[in-house]
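Protein chains in written order, with the working numbering: chain A, 1 to 169; chain B, 1001 to 1102; chain C, 2001 to 2410.
For the record, the hints were derived by calculation from the structure and aren't laboratory data.
Keep in mind the model is a prediction, meaning the values are calculated, not measured.
In this text, a Cβ means the ideal position worked out from N, Cα and C, and glycines have one as well.
Mimicking DSBU-like on lysine-lysine, the simulated pairs with C-alpha atoms at most 30 Å apart in a straight line are:
no.: 1; chain 1: C; residue 1: K2159; chain 2: C; residue 2: K2100
no.: 2; chain 1: B; residue 1: K1090; chain 2: A; residue 2: K90
no.: 3; chain 1: C; residue 1: K2100; chain 2: C; residue 2: K2086
no.: 4; chain 1: C; residue 1: K2200; chain 2: C; residue 2: K2030
no.: 5; chain 1: B; residue 1: K1090; chain 2: C; residue 2: K2159
no.: 6; chain 1: C; residue 1: K2086; chain 2: C; residue 2: K2097
no.: 7; chain 1: B; residue 1: K1090; chain 2: C; residue 2: K2100
no.: 8; chain 1: B; residue 1: K1090; chain 2: B; residue 2: K1101
no.: 9; chain 1: A; residue 1: K125; chain 2: C; residue 2: K2200
no.: 10; chain 1: C; residue 1: K2030; chain 2: A; residue 2: K120
no.: 11; chain 1: C; residue 1: K2159; chain 2: C; residue 2: K2086
no.: 12; chain 1: C; residue 1: K2058; chain 2: C; residue 2: K2090
no.: 13; chain 1: A; residue 1: K90; chain 2: B; residue 2: K1101
no.: 14; chain 1: C; residue 1: K2159; chain 2: C; residue 2: K2090
no.: 15; chain 1: C; residue 1: K2100; chain 2: C; residue 2: K2090
no.: 16; chain 1: B; residue 1: K1090; chain 2: C; residue 2: K2097
no.: 17; chain 1: C; residue 1: K2159; chain 2: C; residue 2: K2097
no.: 18; chain 1: C; residue 1: K2097; chain 2: A; residue 2: K90
no.: 19; chain 1: A; residue 1: K125; chain 2: C; residue 2: K2030
no.: 20; chain 1: C; residue 1: K2058; chain 2: C; residue 2: K2086
Beta-carbon label-pair distances, calculated as ranges:
no.: 21; chain 1: B; residue 1: V1070; chain 2: C; residue 2: R2380; range: 36 to 44 Å
no.: 22; chain 1: C; residue 1: K2086; chain 2: A; residue 2: V3; range: 39 to 47 Å
no.: 23; chain 1: A; residue 1: V3; chain 2: C; residue 2: F2303; range: 38 to 46 Å
no.: 24; chain 1: A; residue 1: Q133; chain 2: C; residue 2: P2074; range: 54 to 62 Å
no.: 25; chain 1: A; residue 1: P116; chain 2: C; residue 2: L2304; range: 48 to 56 Å
no.: 26; chain 1: C; residue 1: G2039; chain 2: A; residue 2: A96; range: 42 to 50 Å
no.: 27; chain 1: C; residue 1: L2304; chain 2: B; residue 2: E1057; range: 42 to 50 Å
no.: 28; chain 1: B; residue 1: L1100; chain 2: C; residue 2: A2308; range: 49 to 57 Å
Far from chain C, some chain A residues (derived; all Cβ distances over 10 Å):
no.: 29; residue: L9
no.: 30; residue: G110
no.: 31; residue: L153
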Amino acid sequence: MTVMQIVFLITAVVTLFAAFRVVTTPNMVHAALWLIVTLFGAAVFYALLQANFLAVAQVVVYIGAIAILMMFVIMLTRREMRDRGPQTGKQWPWAAVIAAAFFGGLVWLGQQAALPAAPKADVPKDSIAQLGQALVSPNGFVIPFEVASVLLLAALIGAVYLAWTRHQS
Amino acid sequence: MIPLNWYLLVSAALFALGLFGVLSRKNAVAILMGVELMLNAVNINLLAFWRYRAPTEATGLAFAVIVFAVAAAEVAVGLALFIAVYRRFKSVAADEINLLKW
Amino acid sequence: MGILSQPVGAIAAWLQALLEGWGLAPGLTKVILYLIGAGLVATLVQVWVIFLIWFERKIIGRFQDRLGPNRVGPYGLLQPFADLIKIITKEVILPAKADKAVYLLGPIVMNAGVLAIWAVIPLMPMVGMDTNIAALYTIAVGAFATLGILMSGWASNNKFALVSAIRTVAQMVAYEVPTVLALLVPVLLAGTMSLHGIVKAQHVWFVIFAPLAFLIYFIASVAEVGRTPFDLLEAESEIVAGFHIEYSGMVFAIFYVADFLHAFTIGALAAVLFLGGWRGPGAEAFPLLGVVYLWIKAFAVYFLVVWARGSLPRVRIDQMMDFSWKFLTPLALILLVVAAVLDHFVIGLGVWGRALSHLAANAVVAWLVLQYLEHYDRARARQRPMVAQPGQYPEARPPAPVETSPETAS
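One chain only, chain A, in its complex shape (with noise of 0.2 Å):
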């Protein structure tokens, strides 16, 4: 057991069971408070992975932007202020069984593989750089870095007008 590994461990354990809350809790700002845990772990998973770039970029983006919207989506989208009855479908009992099988079948997938125990290799001091350049070389991804782009704004425009409010005068 080296220290890594005993983080590893508990960011796991911890992770895990924020996952476990978010998709059960009752209340729904908690659900997106226990999903700001789950991404918070997996920063710390991309930072174990010596990902740094992705770790922050994780957090800007998901803690920073998308979880704070949805808790602002929750609290707009309600007439109470806390929710009553439970928040779960009746079908949930094939849905636990669904997800037990698709989980199942991965680890067996899993086990199947021959996977290496550790890297091949260190990751270059410069990796931030290198994915810089790689996303705007032609010889990289410069195509799907421009349609995402044009996927971003895309959503921006629609997101404007389907929120949009239309005055009836």
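Start from chain A and add chains B and C according to the hints.
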């Protein structure tokens, strides 16, 4: 060192939990949260394989960045849709929005 | 390794030797050293808030033609301690039907977000975590301050607190965009996101390279802290006290500390990004001087924040949103593009040539913006004259006679 297996197990569990949330929840925002969990599980998977298989290339990182962008776009449009739906139905419970059902 | 040239390094080496002498494993020693460092920085900056509170009250007093605190201790310096004793003895009230866990976590999350920024601020050469994502990290942990306000506003189970929380989200999301865009200018000029690298690249302060970016960064940061003139989230005259309306005692004190510390932290960040950080005469040889320089610069920016608080009225919410989305964000985008394109051509001109050409470009942009604003003002004045024109409004009709029924009349 942490074996690659552990990461895959965690991400599989996270994905399964997200799937359960998507299938079982009533509130539309909660369904979106389930989708976010699944996307994060995918990202952990991508980065784990990047770290253990090809850490000297930027491919895995670039993939994860694109996933981020898609997730952000999806949430923006999804939440705007929910607000529009809420104005119409005064509810975002997925089982009450059934005009297309017959 | 002398105590003067590397004070922190020398102390750390001594401590490490001491701990390893006790028979601890090297890995554990390192963890303990990190914990000590983090605890020390967090404690020092929070204790520093005691002085900040005195300073701000004194300065605000002067702005309002008062003396400010002057009874307890010399120049009222001990006033914050008196306040501290008062606030400790107060009862912490949990509102009925409040969400207890979230209610108590809110202020802690907010304070933690502010404190986390100090992990990457380069206090002097060789101190402060040197990571290649530090600039982005400062934005990332700033999100926790928003989160804390949102949590406490919702958990208080009070409609004013909820209104404040929703206002906060709108404001923070709006002003995060120009902050990041303005932050990108020094990152672009230095060619790195590491704050150490940015300080090292500033042979000429970046405020000379990009005065407009500094201005945008300053305004947007003040808005993110929620200080006057952008204190819509705690507007006393509209929503009583906003998100901390239900808080009392030490729990409220955490908000208070976080607020002052956040204002000072943006001062420190602006000093690092635009005012040369620890740079100054003799700072390379004696790093302790660097701390003094950084502190002076941070204080200068903090004074500007207090000045704005003392002299500007609060903006309306539509003005606040318009200012960010229609003015600051486009301007920051233009500045970023101008800086990127210009730097490509002038990078070979030497430090001062580069700085002056950037300054000239900024001046041109500023002039164009002022011209545009004037034009916009005139166009708006033509559309909507401030003085009512004859015939603009319908004639006032005499009031309809009030119908009184015979029962009530008698």
